Structures are given as C-alpha cells and as structure tokens.
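**Student:** So the sequence lines, in the order shown, correspond to chains W and G. Residues in the first sequence are numbered from 0 upward in steps of one, following numbering that gives the first Met the number 0. Residues in the second sequence are numbered from 0 upward in steps of one, following numbering that gives the first Met the number 0.
Simulated from the structure, these hints should not be mistaken for laboratory data. As the structure is a computational prediction, the values presented were derived from the model and not from experiment. One should not assume that every hint holds.
For chains that are exact copies, the list does not tell them apart, and a pair is met inside one copy or across any two.
What the hints assert, rightly or not - Think about it this way: if two alpha-carbon atoms lie no more than 30 Å apart in a straight line, the pair counts; the simulated BS3-like pairs of lysine-lysine are:
id: 1; residue 1: K18; residue 2: K53
id: 2; residue 1: K53; residue 2: K78
id: 3; residue 1: K53; residue 2: K63
id: 4; residue 1: K78; residue 2: K63
Each chain, letter by letter, is given below.
2 protein chains.
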Amino acid sequence: MSLLSFLLGEKKATASVAKERLQIILAHERAGRGASRPDYLPALQRELVAVISKYVSIQPEDIKVHLERQDNLEVLEVKIELPDVLR
Amino acid sequence: MSLLSFLLGEKKATASVAKERLQIILAHERAGRGASRPDYLPALQRELVAVISKYVSIQPEDIKVHLERQDNLEVLEVKIELPDVLR
Numbered sequence: 000m001s002l003l004s005f006l007l008g009e010k011k012a013t014a015s016v017a018k019e020r021l022q023i024i025l026a027h028e029r030a031g032r033g034a035s036r037p038d039y040l041p042a043l044q045r046e047l048v049a050v051i052s053k054y055v056s057i058q059p060e061d062i063k064v065h066l067e068r069q070d071n072l073e074v075l076e077v078k079i080e081l082p083d084v085l086r
Numbered sequence: 000m001s002l003l004s005f006l007l008g009e010k011k012a013t014a015s016v017a018k019e020r021l022q023i024i025l026a027h028e029r030a031g032r033g034a035s036r037p038d039y040l041p042a043l044q045r046e047l048v049a050v051i052s053k054y055v056s057i058q059p060e061d062i063k064v065h066l067e068r069q070d071n072l073e074v075l076e077v078k079i080e081l082p083d084v085l086r
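The shape of chain W in the complex, shown without the other chains (with noise of 0.2 Å):
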C-alpha cells in the first residue's frame, strides 16, 4: 500500500466537511545507538511551522502536534487546519 492511498483511507475515515488541511509527518528513524543524541525534532517542528506560515496563513489553535515513539523510529505528526482565506 502506497502512502497515498493510506493517506486517503484516513481521509475518508475522518473527514466529512470540506476543509483545507496540511499534514506534515516527520519520521525520524534512529540507527540504534543514536538514542543517546540530543532530540532535535521538537526544535525542527517549531521551525517548520514557522516555514510554513510564510505560504499559509496559520493560527496557533489550529495547529495539532501529535509525538510517538517505538523502537528506533520517532514519528512527529502535524496536522495544520487551514482557514478558507489564504492570505
């Protein structure tokens, strides 16, 4: 299954009002003894919202920060509800 089509399956699960929405899934995979390092992700995450609310007008409360962890893998899941107006 590709990406995309789990992308849509989600999609259709959870949206039924026509709504712009941005999604950015940061998976961070760890070559095993990197769990020492210093988590970056948190920082990353600030600074990419920050990007994108150059392109897309933002609010704070439509932002959803969503963190997991298993194993190596670190997946950080932003979901962005965008307002009808872009500016």
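Could you slot chain G onto chain W? The hints should help.
**Tutor:** Just chain G now, with coordinates in the frame of chain W:
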C-alpha cells in the same frame, strides 16, 4: 491502523541495513475549489529541506523527493538518508 504502525510496516519491508533516515511527508488536502491556487508545495519543500539541513548535515544526493496527487490530496514525500556522523 495508526500512522506509526504504517511507517513501521514500511520500514520492516524495506530497511535491512541499519541506517539513519529522516522522512518528511507533506500532505495537502484542498477543499475542492482550491485547484486554481498557485501550488506552493515545491517552494515550501525547498525551504523545509533548508531548515532541516541546519540540524543535520545532508547532501543533495541523499534527498529523494516524490510527489503524488489524487483527487484533492497532494502528498509530497521527502526521504533523506543521513550520514553516519552528524554535525
């Protein structure tokens, strides 16, 4: 199925060598009437890669970009293979 388990499944299927990888997925779901809007995803992707390169040392040849479109969903996938030694 959660996104994490999807990515873990993908990982099991493809990764045999322990390498450090960073994957960015940018999914843009349009609200239907937005098809005529200028597509800012390629420019946004370049800026995102620039931000990430502040945190990790990446070479242009280690970046793989893939764009999929279906209906109102546009999915940009950026896969970055990280070098063994970070900055």
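**Student:** If the cutoff is 30 Å on CA atoms, where do K78 and K63 land: within, between, both or neither? Let me know, please.
**Tutor:** So K78 and K63 pass the 30 Å test inside a copy (5 Å) and across (23 Å) alike.
**Student:** My question is about K53 and K63: at a cut-off of 30 Å on alpha-carbon distance, are they close within one copy, between copies, both, or neither?
**Tutor:** So K53 and K63 pass the 30 Å test inside a copy (18 Å) and across (24 Å) alike.
**Student:** Is it within, between, both, or neither for K53 and K78, if the alpha carbons may be no more than 30 Å apart?
**Tutor:** both (16 Å within a copy, 23 Å between copies)
**Student:** Is it within, between, both, or neither for K18 and K53, if the alpha carbons may be no more than 30 Å apart?
**Tutor:** For K18 and K53, the Cα distance is within 30 Å only inside one copy (20 Å; across copies 33 Å).
Checked against the numbered hints above, the structure breaks none of them.
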